[in-house]
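Turn these sequences into a full structure, and let the hints steer you where they fit.
In order, the protein sequences belong to chains A and D.
Under the numbering used here, think of the first position of the first sequence as 3, with each following residue one higher.
Under the numbering used here, think of the first position of the second sequence as 8, with each following residue one higher.
Since the hints were derived computationally from the structure, they do not count as laboratory data.
All C-beta atoms, glycine included, are put in the ideal place defined by N, C-alpha and C.
There are no misleading hints in this set.
Listed next, the stretches of chain A that the computed footprint assigns to chain D, with coverage defined by at least 3 CB atoms under 8 Å from CB atoms of chain D:
1. 15-25
2. 28-40
3. 48-59
4. 77-89
5. 92-103
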Amino acid sequence: MTLTQQIITVAMVVLGTAVTRFLPFLIFPAGKQTPKYVQYLGKVLPAAVFGLLVIYCLKDVSILTGSHGIPELIAILLVIMLHVWKRQMLLSIAGGTVCYMLLVQVVF
Amino acid sequence: MQTRSKMLKKAFTTAFPYTIPIFAGFWFLGITYGIYMNVSGFSFWYPMLMSITIFAGSIEFVTVNMLLGAFNPLQAFAMTLMINARHLFYGISMLDKFRGVGRKKFYLIFGMCDESFSINYTADIPEDVDRGWFMFFVTLLNHFYWFSGATLGGIFGSLIHFNTEGLEFVMTAMFVVIFMEQWLKEKNHTSSLLGLAISLLCLIAFGADNFIIPAMLAILVVLTMLRRPLETGGAASGNAEKDADGGDAGQCRIDISESGRGGEAQ
Numbered sequence: 003m004t005l006t007q008q009i010i011t012v013a014m015v016v017l018g019t020a021v022t023r024f025l026p027f028l029i030f031p032a033g034k035q036t037p038k039y040v041q042y043l044g045k046v047l048p049a050a051v052f053g054l055l056v057i058y059c060l061k062d063v064s065i066l067t068g069s070h071g072i073p074e075l076i077a078i079l080l081v082i083m084l085h086v087w088k089r090q091m092l093l094s095i096a097g098g099t100v101c102y103m104l105l106v107q108v109v110f
Numbered sequence: 008m009q010t011r012s013k014m015l016k017k018a019f020t021t022a023f024p025y026t027i028p029i030f031a032g033f034w035f036l037g038i039t040y041g042i043y044m045n046v047s048g049f050s051f052w053y054p055m056l057m058s059i060t061i062f063a064g065s066i067e068f069v070t071v072n073m074l075l076g077a078f079n080p081l082q083a084f085a086m087t088l089m090i091n092a093r094h095l096f097y098g099i100s101m102l103d104k105f106r107g108v109g110r111k112k113f114y115l116i117f118g119m120c121d122e123s124f125s126i127n128y129t130a131d132i133p134e135d136v137d138r139g140w141f142m143f144f145v146t147l148l149n150h151f152y153w154f155s156g157a158t159l160g161g162i163f164g165s166l167i168h169f170n171t172e173g174l175e176f177v178m179t180a181m182f183v184v185i186f187m188e189q190w191l192k193e194k195n196h197t198s199s200l201l202g203l204a205i206s207l208l209c210l211i212a213f214g215a216d217n218f219i220i221p222a223m224l225a226i227l228v229v230l231t232m233l234r235r236p237l238e239t240g241g242a243a244s245g246n247a248e249k250d251a252d253g254g255d256a257g258q259c260r261i262d263i264s265e266s267g268r269g270g271e272a273q
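Given below as structure tokens:
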């Protein structure tokens, strides 16, 4: 690929990303009343999307081979327990991550 | 001017603690990305400029392969739309929250990656902190972390020998926490459970590389079918509830800002 072709390729990726981010705001501008259905989606979608993002993070975990997803399971349970107990975002995240690193580096 | 700089400082210091986990995650992923480009034969200018202009993690890794393959701009565009389609959901969710923030709105939309969206959607921004600037700083800090990580990886990538195996879990942990924050705030968990269950089913059915679009479509269809029960049942008011319910929201905000100050408050 020449430099010009590389620039065009990257530009297409920039454009594609911007389209996915700007499109809803272009279709439903701030000045106009957003349709009730879209307002409803705006309220119920985030909860589902956070569930999707959790699964997305775990998409490459293999249950049948390697460590069978056990380190992930243990670390996530720790995150949940820490968060229910203290409800301090940074503590829950740091605790779970350190636990996971120890598990994959030392135990498994 | 005095009050303006004070207001900006307050928005920045409120935003910063929320972004600390993202700093860890983005530096790890960003450096990994920079190294990946480095070993694929690209100079540090590539990860540096691509991390600023694209600012969407997974597609940037894919772009490396595109640059190594045959020139096909239309395919690059279509692929980007598919991988980043989830941003459409973020936009629909942020239509109201980005209202009235002035010219910053353009940048807020441009920089709306998974992490910026999640923080800006769930954070309980205190009354006396400017909402628009808070979201602006969250986005800007995330953008900076990603950019600096990718650039450093591109420059020094081959010299790093620290055992970081497993550090990528910081992103998983963050999304689990964000999922829980949403869970603890909402009265009806239908949408949260649907998101988990549908995504998991689609992952099993379509595999890791192809499950996002079917999962999004299925979530959209099921939530549309459940519109009547959810609207009357009060699940849709989960977010309005959050705004009205100051007690619970305030609790969480204090916790986060305290832990952000490195425990000196405790």
